[in-house]
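Asker: Residues per chain are reported as follows:
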Amino acid sequence: MSQSSHIKQQTITLEGSSLTKTYHTGAVDVHALRGVDISFYEGELVVLLGPSGSGKSTLLNILGGLDTPSSGRVRFRDTEITEGDESVLTSYRRFHVGFVFQFYNLIPSLTASENVSLVTEIARNPMDPAEALTLVGLGERLDHFPAQLSGGEQQRVAIARAIAKRPDVLLCDEPTGALDSETGILVLEAIERVNRELGTTTAVITHNTVIGEMADRVIHFGDGHVVNTESNDSRRAAGELSW
Amino acid sequence: MRALNKKLVRNLWKLRGQVLAIGIVIASGVAVLVMSLSALQALTETTEAYYERQRFGEVFASVKRAPQRLIEQIRAIPGVRSVDHRIKYLATLSIEGFEEPVIGQLVSIPEGAQPRLNQLVLREGRLVSPDHPDEVVLSEPFAEAHEMQPGDSFQALMNSNLRTLTVVGVALSPEYVYTIGPGALMPDDRRFGVMWIGREALEAAYDLDGAFNDLSLGLLHGTNPQDVIERLDQLLERYGGTGAIPRAEQISNWFLMNEIEMQKTMSTILPTIFLAVAAFLSNMVLGRLIATDRSEIGLMKAFGYSNWQVGWHYAKLVMAMAGVGILLGWAAGAWLGRVNTEIYAEFYRFPLLIFRPDPGVFAIGAMVSLIAALAGSIGAVRQAANLPPAEAMMPPAPPLYRKTRLSGSRFIMWLDQPTRIILRQIVRAPMKALFTSLGIACSVAVMIMALQWLDSIDKIVDVFFHDAQRQDMMVGLVETQSDTTLLEFRRMPGVLAAEPMRATSVEFHAGTATHRGAIEGIPEDPQLQRVYDAGGRVVEVPADGLLLSTALADKLHLGIGDRVQVEVLEGRRPKRSIPVVDLYETYIGMTAYMNIEAFNRLMGERGSLEYVTLLVDDSQLPALYKELKALPKVAAVTLKDAAVHEFNETMAETILIYISFFGAFACALGFGVVYNSTRIALSERGRELATLRVLGFHRGEISYILLGEAGLLILVGLPLGVLAGAGLGWFMTSAMDSELYRIPLVIKASSNAMAVLVTLAATLLSAAVVRNRLDHLDLIAVLKTRE
Chain A
279 MSQSSHIKQQ TITLEGSSLT KTYHTGAVDV HALRGVDISF YEGELVVLLG
329 PSGSGKSTLL NILGGLDTPS SGRVRFRDTE ITEGDESVLT SYRRFHVGFV
379 FQFYNLIPSL TASENVSLVT EIARNPMDPA EALTLVGLGE RLDHFPAQLS
429 GGEQQRVAIA RAIAKRPDVL LCDEPTGALD SETGILVLEA IERVNRELGT
479 TTAVITHNTV IGEMADRVIH FGDGHVVNTE SNDSRRAAGE LSW
Chain B
356 MRALNKKLVR NLWKLRGQVL AIGIVIASGV AVLVMSLSAL QALTETTEAY
406 YERQRFGEVF ASVKRAPQRL IEQIRAIPGV RSVDHRIKYL ATLSIEGFEE
456 PVIGQLVSIP EGAQPRLNQL VLREGRLVSP DHPDEVVLSE PFAEAHEMQP
506 GDSFQALMNS NLRTLTVVGV ALSPEYVYTI GPGALMPDDR RFGVMWIGRE
556 ALEAAYDLDG AFNDLSLGLL HGTNPQDVIE RLDQLLERYG GTGAIPRAEQ
606 ISNWFLMNEI EMQKTMSTIL PTIFLAVAAF LSNMVLGRLI ATDRSEIGLM
656 KAFGYSNWQV GWHYAKLVMA MAGVGILLGW AAGAWLGRVN TEIYAEFYRF
706 PLLIFRPDPG VFAIGAMVSL IAALAGSIGA VRQAANLPPA EAMMPPAPPL
756 YRKTRLSGSR FIMWLDQPTR IILRQIVRAP MKALFTSLGI ACSVAVMIMA
806 LQWLDSIDKI VDVFFHDAQR QDMMVGLVET QSDTTLLEFR RMPGVLAAEP
856 MRATSVEFHA GTATHRGAIE GIPEDPQLQR VYDAGGRVVE VPADGLLLST
906 ALADKLHLGI GDRVQVEVLE GRRPKRSIPV VDLYETYIGM TAYMNIEAFN
956 RLMGERGSLE YVTLLVDDSQ LPALYKELKA LPKVAAVTLK DAAVHEFNET
1006 MAETILIYIS FFGAFACALG FGVVYNSTRI ALSERGRELA TLRVLGFHRG
1056 EISYILLGEA GLLILVGLPL GVLAGAGLGW FMTSAMDSEL YRIPLVIKAS
1106 SNAMAVLVTL AATLLSAAVV RNRLDHLDLI AVLKTRE
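Protein chains in written order, with this note's numbering: chain A, 279 to 521; chain B, 356 to 1142.
So that you can see chain A by itself, here it is in the shape it has in the complex:
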C-alpha cells in the first residue's frame, strides 16, 4: 500500500462513539447495541462480520442516519449528526450517504435508470444515471423494470442508485444475502470498483467470513458490541473470492 493512501486512511470520515440502542417491544427490552465505538477512515473498505441478530444492521442504520441511537454520538467529518434535527439527518442522507439493502428496495414502478434518477434528482453533483449503471455493469439494461431483472441485477441497480450521488460513505447491508455466490461476486465487484475508482468510504455488513478478505479492515461484531478488529495487509480482489 502506498504511503499516500496510508495517510489518507488516517482521516476519519465517520465515527460512532458509545452507541447503544434499546428496542422496547412489549414486555421485553432488546439491547441491540451495548456501547459501540467505531471509526471509518477515508477511502477504506470495511467489512463488518457477525452472526444475525448481533446488531450489525442496527449499527449501520444509525451510522447512515436511518435511525437514532438510544445514547452515544455519530460524527460525520466535523458534523455531529446525532445532535442535529430532522433536517440535518435528511441532508446527511441526501448528500453524503449511499445505501444498499439486502432486499434491494427498488421502486417497482420505476425502471432501472429512473430508480437511479430518483436519487440524482435531489443530489448536488450526481453522475448521470446511465454512467452509474454502466459502472455496475448494467449499461445495457437502463430501461428495464425491477421485475424484468434478476436478483443480482436488481442489487447492482441498487448499488448504482447508492453511488450515483457520489456519496462520501457507502453503506451496504448484507448486499449478497439474497443472492447465490456467483451473482454475489458480481455485486461485490461492483462495490469494490466504486470504492477503488471513486474513493468512497465503504462499509459492508455480512455474516459471510469469506467477504472479509476483500476488506482493508474486518470488524467482528457480536451481541451488540465490537468483538475485535483486524487489518488485512492486502485486499483480495472480489473476483477471486468463492464460497
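Certain hints may be false.
[What the hints assert, rightly or not] If you want a taste of the chain B side facing chain A, the calculated C-beta under 8 Å gives, among others: (1) E651; (2) L654; (3) F658; (4) Y660; (5) S661; (6) N662; (7) G666; (8) A670; (9) P743; (10) A745; (11) E746; (12) A1108; (13) V1113.
Keep in mind that the hints were calculated from the coordinates and are not lab data. Backbone N, C-alpha and C define an ideal beta-carbon position, used for all residues, glycine too.
With the hints as your guide, set chain B onto chain A.
Answerer: For chain B alone, coordinates are given in the frame of chain A:
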C-alpha cells in the same frame, strides 16, 4: 418528467381500481351537491326571469264588483306602476268524453292584445280577437290533459247560461304556474283549468259592463307592497274587497315558492350530509391506503428526501385521486342538475329555462372533497415519515396480540384458527374496524334517509286523505249559500250523506305574530270531514272557540286557553277575540276549525255554507256528475281519489325523482367503501394470506379470513346504519317543516331492508372482485417481496 412523478403516475395506474372506487365516493358527494344547488339555482333564476319577462303582478286583489273609473285612483297610489283590471269567474265545464265535472277559471284579457300584466306565453294558435265572444285561450296543461287544440270546442256554464267556447290558442301564464283549483292541494289538470276570454265577452256574460272584479298591480322598483296594499284596501273595501295580497301570497307563487323553499332545504341539507359522509369515507380510505406505502416512504427518506418532499409527493397522489372524483362529480352533477332542472321546468311548464350553474358550487364541492382527502392522507404520511427510515422500511413489527379473558373461554376455544384470526384482527385494531363499520353505516344511513321519503309521503296520504276524510268529494259553491242548498245536494242521485262546510279568509293576530289564512266551519259532530289528529284520534269540534293546528298555534305562539284576534276578510268583516279551545296536529296546511254554527254567529249570518262534502254511491256517479255540471252554483268539485292520485303524482314528479338520484349515489357510496376496505385489507395482508396458502389453506379458506372480517364489520355497520338513518331522517324531516307540510318521520321496515340489501349487494359485488384477486394471488411473488 421527474422520476418521482413517474412513480406517481404509474402508482395511480396500478391502483386504478381503487382510484376509481375512491373517485366514485368523492364524485357522489360532489355530484349531489352540484346537482342539487345548480338545479335549485336554475329553478330560482328561471322563475325570476319568467316572472320578469311576462310581467307577473306584484299585488293582487279581488272585489265583488268595482267600477272601472276606480282604476285612475288606484293608479295614483304612490309606488304603483301599472294596473291591470280583470274579470275572473269560475265556471263548470262539460268536456266531451270526460264524465266528471270540470272547473274552469275564466280570466279576462283585452281582445286582440296582451294584458298589461301577467302576460301570456302563446304556445299555439292566437289570442282572442274582438267581436268573437266565444273564443278562448286555454292554459297548456289543461289543453294537454284533455287533448284539446285550437279549433276544438267545449261547453261552459257561465252565469247560468250554457255557452259553447271555441279554443283559438294555448298559452302559459306566470300567474298560473301552479294551477290549483279551489280547495285543492295539488294541480289536477284534468279537473281544473285556466282559460282566457275577451274582456268584453266576460263583461257581457256576467253583467259587469264597465266594471271589474279582480286586479293585479305592477309596482315601481323599491316600493313596499304592504304600503300599496293598505291604500288599495281602503279604496276597495266598499266594493267588497277581501283584502289585497302581495305576490308572495298569490296562490300559484306561494305554492311554487314553498316548493322552491323545500327544494332549498333539501338541496342544502342532503348534499351537506352526503358530502360530509363522502369526505369522511375518502379520508378513511386514503389514510389506510397510504399507510400501506410505509416502506416506500421510509426508502424515500433514506435517500434523503425531506418530510415535506415526501408529504408533497403523497399530496399529489391524493389530489390526483380526489381530482378524478371531483371531475367525475362535476360532470355528473352538472349533467344531472340539468336533467333535474328540465324535469322541474317541465313540471312547472316554464316556457324558458335558465341553467347557469354557479362556479362557486363547483368550487365548494371540490374544496371540501380535496381538504377531506388531504386531511385523511396527511395523518398517514406524517405517521410513516415520522418513523426513522430504518424502521419504516422494515415490515411493521408483528402487531402485539394479547390473550384476553375471552381467549381461554370455551367459545374461543371452540372457534377454528381462521375465525380466531378474524376476531383478533378486529380486537387488535378496533379503530380501523370501527371506521369500516362506520363507513358502511353512513352509506346505509344516507340511503335510508332517501328512502324514508316514500314512507313519509305514504303516511301523509294515509292520515290526511284516508283516516281524516270520509267524504268522496267536496263541492265548492260559487258564493256563500244558505243551508237549504244542503237539502238540494242530499236529494241528488247517489248522495248518501252531505255535510256543510264554510271556509272564510281571515287574518289572525296574536301579539306581534300574524297569519293570513282561513277558518273552516264544520258541523259539531262531523261524519265526513273530520278533524283528525296525526297521532290517530278524531278531535271533537268544540261548541265555541277555535280548534287550531299545532303548526298554526306555534306560528302564532298560542296555546290552549289563549285568545287570538280574528279579523274576517269577507262579509261584514267582523273582528273578534276568540279563545283557542283545542289543538290538533296535521301534516298538510295549517287549518283553523270552528263549529259552523258558532262561525255563522260570528259572521252574523244564519245557516250559510261555501262547501258541501259528500259521501256518494259509486254506481250512481254518472247521474250525479250530470247534475253537478248543470248546477250554476257549483264552482268546484274535488274528488278525493283524484286528489290522492294527483298528490302522489306530483310527489313522484318532484321529490321522488330527486330522491332516486340520491339513492343511486348512496349505492355508489356503499360500493366504494366496501370495495376499498377489502382491497386495502388485501394489500395489508397479502403476505399473511399467501403464507397461509403456502401452508395448504384453500382459496375459500383464505377468502374467508379476509372477507369474513369484512362481513363481520358490515354486520356491525348495518344496524348502526339503520340507527343513523333514523337520526338523519329525523333531522331532515324536521328541517323540512313548512306552512304547507310537516313531514312525519316514518321509516318502514321495507326501507331499512332495502338499504341493507343494497349495501349487501354492493358488498357482495366488491367481495367478488376481491375474491377474484385472492384467487390469483401470486404466492411466490408475495413471499419474495419483503413487504
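Asker: The structure should be examined with respect to each hint, and the outcome stated for every one.
Answerer: Here's how the hints hold up against the structure:
1. E651: holds (7 Å)
2. L654: It holds, given that the least Cβ distance between B:L654 and chain A is near 5 Å, below 8 Å.
3. F658: Status holds, d = 5 Å.
4. Y660: With a minimum Cβ separation of about 6 Å from chain A (threshold 8 Å), the hint on B:Y660 holds.
5. S661: holds (5 Å)
6. N662: holds (7 Å)
7. G666: violated (12 Å)
8. A670: Status violated, d = 17 Å.
9. P743: Hint on B:P743: holds, closest Cβ of chain A at ~4 Å, below 8 Å.
10. A745: The hint holds - B:A745 has a Cβ within 8 Å of chain A, the shortest such distance being about 4 Å.
11. E746: For B:E746, the interface hint holds, since the closest Cβ of chain A sits about 7 Å away, which is under 8 Å.
12. A1108: With Cβ-Cβ at 45 Å, over 8 Å, it is violated.
13. V1113: violated (36 Å)
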